[in-house]
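Engineer: Listed below, chain by chain, are the residues.
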Amino acid sequence: MNLTLDIIYLIATITFIYGLKYLGHPETAKKGNLIAAFGMGIAIVGTLFLHDLVVPTFTYVLIIAAIAVGTVLGWIIALKVQMTKMPELVSLFNGFGGASATIIGLVEFNKSIGDPTQTTTTMAAIIIGSITFSGSVVAWGKLNGTMKSLIRLPKYNLINNVVILGLIVFAAYFVWSSSSSQPLLYLLLFVALVYGVLFVIPIGGADMPVVISLLNSLTGIAAAITGILYSNMVMIVGGILVGSAGLILTFAMCKAMNRSLFSVIFGAFGSTQAVAGSQSVKGDIKHATVSDVAILMNYSQRVIFVPGYGLAVAQAQHAIHELEQLLESKGVQVKYAIHPVAGRMPGHMNVLLAESNVEYNKLAEMDDVNPEFKNTDVVFVVGANDVVNPAAHNDPSSPIYGMPILEAADAKQIIVNKRSMNPGYAGIENELFYNPKNSMLFGDAKTVIQSLISELKGM
Amino acid sequence: MQILEFIKDNLHLIYILILSVFIGVEVIKNIPAVLHTPLMSGANALSGVVIVGAILVMLQADPTDYIALTLGFMAVVLGILNVVGGFVVTDRMLQMFKKKKQ
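Chains as they are written, first to last, in the numbering used here: chain A, 1 to 459; chain B, 1 to 102.
Note that these hints are calculated values from the structure, not bench results.
Simulated crosslink set (DSSO-like; lysine-lysine; CA at most 27 Å straight-line): (1) B/29 - A/21; (2) A/412 - A/335; (3) B/29 - A/31; (4) A/286 - A/412; (5) A/412 - A/374; (6) A/286 - A/374; (7) A/362 - A/255; (8) B/29 - A/255; (9) A/362 - A/335; (10) A/374 - A/330; (11) B/8 - A/111; (12) A/412 - A/437; (13) A/21 - A/362; (14) A/330 - A/446; (15) A/30 - A/80; (16) B/29 - A/362; (17) B/29 - A/30; (18) A/437 - A/362.
Build out the structure end to end from the sequences listed, making use of the hints.
Structural biologist: In structure tokens form, the structure reads like this:
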């Protein structure tokens, strides 16, 4: 090992810690990201050039070509993606990291035969890497709608647990037998990939943020494991940092949704949804027209917007900001109530509304805004569903029972904009829609908000 | 016995693992909800540190071992995609927060 390289790795590790720390505060977040990126840059360049190996030029050309291809591709994808597509993208990039760890494990497998510690490590890299890869790809497919949102095999809990146990036994067999069988190795890879798919397909949309965060954490662990193969400090510490940070974020999200991490890990996840409670909701649904709502808002003093994934899908973030400014110019006080898990990723709504330049102080967090609903004239729910569902309070059989929600029902008047009466991503009915104070305003969020704006302009 | 042996041989490693876990937890605790998405994205970019391993695979590969070279090439491309894509996306998100602060 080269001492200069060791020092570079040390510096890179420190930048990672500072980077993560700075990312946690609004004022320093941007700097934190750049610091971490700088650290990653020197670690990569150092690895390339500071070593005692004799490397043929051909290999160098290949490595540089690979880096160039990946950099250009990654940069283009990252710059082109729409802000609403962010959760999918994070999930996809995460999958790439997992795939990379898997491939490293596959290549190093042959060298590790006979050394139980090294074999265990390569096995772990292959298994965890492939689970994150296929799991992330499925999450990506589900989020961008190319895949059905929820697929449940019969007895999927049992199947999943049997498959993961089988994988562990399979890996243990490799370690004990010092087998060098390539077909068996690829069978192991295949089973791990299948497990990743099985792990993510039964999970309903409302739980998706938790899964992405968990997969993110797993990629970190996979990176740390491959680091152990090379006794490479920057990989070990960097990977573990991401692993534990991702886990904390997962905990935070579980808490917001009133789920235990145990049920996440052991696949009991969302299993209560099997009883999907569409029962016992009754009453009539009232419809409102665009001009009804425009008049209502025009004569209100306080209005709260509750944005959800529907807003993101309709790309209505700019329109809603325009509506907010128009109402403010008419003397109406407007706020946005942001549920921690609104959208498909924690903070998704914040990023989206930031894109359309909504003021920071207009975004209210759940605990701050909940007491304000009683004094609110109109709550305008745009493409959100589960985060305002009163079943979280009153229906112990509901899968979201116990989840803290935005108390939209406390407001004097509720307007819900949705495309149709279809239940939300969690697949459950929402009794808020049947509340006497509620009126439905059906239609695409962007179209509806734009017509509201033109109505209001004419008043 | 084997486990004790393992602990003895890898004591440094075990210390590093445990301390890193605590640093990760402490550094991330009490993050405002606004920053959840950028933080996740930034942490995701950091997990691309696996690229270092991918480069090592290629550096150590026998120049005639085309399978190792091909696999290594794929690993490098995927790893750098994770790194570059992750950091650029995070920067883009944070740029938007910044703009509004004026």
